[in-house]
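Got chain A sorted already, so can you dock chain B onto it with the hints?
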Amino acid sequence: MAVTFSDTRMRDRIQLVFSLGIFALVALLPAIVRNEYWQGVLIVSMYFAMLAAAWNLLAGYTGQFSLAPAAFGMIGAYVTGLLSYHFNALPLVGIPASVVVAAAIGFGLGCIVLRLRGPYLALTTLSFAEIFRLVISNSIEITRGDLGLNVPGLFDHRLTWYYVMLGVLVVIQLGLYFLLRAPAGLYLRAIRDDEIAAASRGVKTVLWKTNAFTLSAAISGLAGALYGHFAQFVSPELGLLSQTGIIVSMVVIGGLGTLPGPIGGAFLVYVASEFLRDFGGYQLIVFALLVIIFGRFFREGLWGFFRRAIERTARRPAPATSAAE
Amino acid sequence: MACLSIDRVSKFFGGLKALDNVTFSVNEGELVGLIGPNGSGKTTLLNILSGYLSADSGDVVLHGRPITGLRPEALARLGVLRMFQLTRVFPRMSVLDNLLVTGSALGLPEAEAEGRARELIEDLTLTRMMHLDAGQLSGGQRKLLEFGSCFMVPPRIALLDEPFAAVHPTMKEIMADVIRRRHAAGQTFLLVSHDMPVIVELCPRAICMNAGTVIADEKTRAVLTDPVVIEAYLGEAAA
Numbered sequence: 001m002a003v004t005f006s007d008t009r010m011r012d013r014i015q016l017v018f019s020l021g022i023f024a025l026v027a028l029l030p031a032i033v034r035n036e037y038w039q040g041v042l043i044v045s046m047y048f049a050m051l052a053a054a055w056n057l058l059a060g061y062t063g064q065f066s067l068a069p070a071a072f073g074m075i076g077a078y079v080t081g082l083l084s085y086h087f088n089a090l091p092l093v094g095i096p097a098s099v100v101v102a103a104a105i106g107f108g109l110g111c112i113v114l115r116l117r118g119p120y121l122a123l124t125t126l127s128f129a130e131i132f133r134l135v136i137s138n139s140i141e142i143t144r145g146d147l148g149l150n151v152p153g154l155f156d157h158r159l160t161w162y163y164v165m166l167g168v169l170v171v172i173q174l175g176l177y178f179l180l181r182a183p184a185g186l187y188l189r190a191i192r193d194d195e196i197a198a199a200s201r202g203v204k205t206v207l208w209k210t211n212a213f214t215l216s217a218a219i220s221g222l223a224g225a226l227y228g229h230f231a232q233f234v235s236p237e238l239g240l241l242s243q244t245g246i247i248v249s250m251v252v253i254g255g256l257g258t259l260p261g262p263i264g265g266a267f268l269v270y271v272a273s274e275f276l277r278d279f280g281g282y283q284l285i286v287f288a289l290l291v292i293i294f295g296r297f298f299r300e301g302l303w304g305f306f307r308r309a310i311e312r313t314a315r316r317p318a319p320a321t322s323a324a325e
Numbered sequence: 326m327a328c329l330s331i332d333r334v335s336k337f338f339g340g341l342k343a344l345d346n347v348t349f350s351v352n353e354g355e356l357v358g359l360i361g362p363n364g365s366g367k368t369t370l371l372n373i374l375s376g377y378l379s380a381d382s383g384d385v386v387l388h389g390r391p392i393t394g395l396r397p398e399a400l401a402r403l404g405v406l407r408m409f410q411l412t413r414v415f416p417r418m419s420v421l422d423n424l425l426v427t428g429s430a431l432g433l434p435e436a437e438a439e440g441r442a443r444e445l446i447e448d449l450t451l452t453r454m455m456h457l458d459a460g461q462l463s464g465g466q467r468k469l470l471e472f473g474s475c476f477m478v479p480p481r482i483a484l485l486d487e488p489f490a491a492v493h494p495t496m497k498e499i500m501a502d503v504i505r506r507r508h509a510a511g512q513t514f515l516l517v518s519h520d521m522p523v524i525v526e527l528c529p530r531a532i533c534m535n536a537g538t539v540i541a542d543e544k545t546r547a548v549l550t551d552p553v554v555i556e557a558y559l560g561e562a563a564a
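Chains as they are written, first to last, in this note's numbering: chain A, 1 to 325; chain B, 326 to 564.
Calculated directly from the structure, the hints in this document are not laboratory data. Treat the hints with care, since some could be wrong.
Okay, the calculated beta carbon distance ranges per label pair [unchecked claim]:
no., chain 1, residue 1, chain 2, residue 2, range
1, B, G364, A, R117, 24 to 34 Å
2, B, A491, A, V206, 27 to 37 Å
3, A, V100, B, S350, 44 to 54 Å
4, B, T348, A, E130, 49 to 59 Å
C-beta: ideal position from N, C-alpha, C; glycine also.
Just chain A, same shape as in the assembly (with noise of 0.2 Å):
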């Protein structure tokens, strides 16, 4: 028997459809946008969103504030390049591996901080990541250090790349949204509300909370991995702070713990990045205001404007039909 909508999975369909509407213009935009370095721009923005995604399930859903998600995007992409950098193995092994091997680390970071929380949890993250970024760049005889990796590429066509990546990424918001959908929504939401009262409840919030874990880091991983295919070289650069920030951003000026909030922010952020490019550093700290004042007064992020449009647009009272229709 089918359940009731509450308002809350309301919400999560109307995002859904408003993310399903976020792509199918992405989809379109080729047409338009035929320079195939602005093309390449698009598909990094795709693996953003992937990572904005992911990050946007532990802090958005679950309360988590993992300063990970960049680590895993180059620990998924180094486990694909070593692969093929030392056994030849083909991108069809190396990519599931790099999933695999992300979830396993993601699964032994989230029992790691599985008692953090606030503070504590983000610093242990952030620990976590510079741990793994330094270490590949000092094992210069496994990872060749700095000089980074070439990994080969996958298709010949940079189109070819463009589809791929986007029906990855919608493929992956299908799978958050009926993730959202079922009881495992409903217990991930109220970790994220109030930890004590979800177990007090009989929510396993032990469990869950390293289920987003494993979960998130696997998504990361298959980004990180067809980055690294994509762009045929990975290097420790992948798991900088910068790029956590950047995520961070994405997620905060798109809205966090909504479903298009971290897609939208991650082509809006990144587009505006290659047009700041020229400012250098300074483009950062662009972002880092706006990260600012969206989490002191638009908590929502750009979401919570659409979402007020969509609810004056249904408050509006239907025009009266005259007595003689």
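Here is chain B on its own, set in the frame of chain A:
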């Protein structure tokens, strides 16, 4: 038959003895009031019974099964459901979803959980607010919602910590009515409250604690006229 047995439970916070060999039991279907002045150890005891604190010594047994040291979610799954003194709801989830969390976590199929949640929402007169986020409710309505969460699945024992504190009389009466009806149907309760008229009306038996020990455990009217209890509440001169 004892539903919940507490045997010589003690708890220290540094040098402070918060609970000192607390021993009593709550029988199946009983509604027991737990009273005592502030700082007497009532909430500490409830925190131990619901798994948020571990006892330094002593045992807690639920229907013959030792439950000392179990985690809160494990205790909830065994039927120990708890309402907190400071209201705890999920503010960014709708009223309906707040209840569905408990129903789903405790194993109800989705459709059944939704049916029960809607019944409870009606019982608690929260129908108009059903789709609002819990964070948009008034303090009293949040209390009602948390109270309702304890009954999504009939608990083996409901531990209610100050459900009537700072609540409008109408809402107080709604909760009291639910307690009365469920008690009549055989539900077991341990009810912490400072509201003596409600304790007298609802609870046939009361336990009074002071300074971490049980100082009286008998029929409610007898407890309230016990000089030791009066002294604990009002001082030696009043006794």
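Hint check results:
{"no.": "1", "hint": "G364(B) x R117(A): 24 to 34 Å", "in the structure": "27 Å, holds"}
{"no.": "2", "hint": "A491(B) x V206(A): 27 to 37 Å", "in the structure": "33 Å, holds"}
{"no.": "3", "hint": "V100(A) x S350(B): 44 to 54 Å", "in the structure": "51 Å, holds"}
{"no.": "4", "hint": "T348(B) x E130(A): 49 to 59 Å", "in the structure": "53 Å, holds"}
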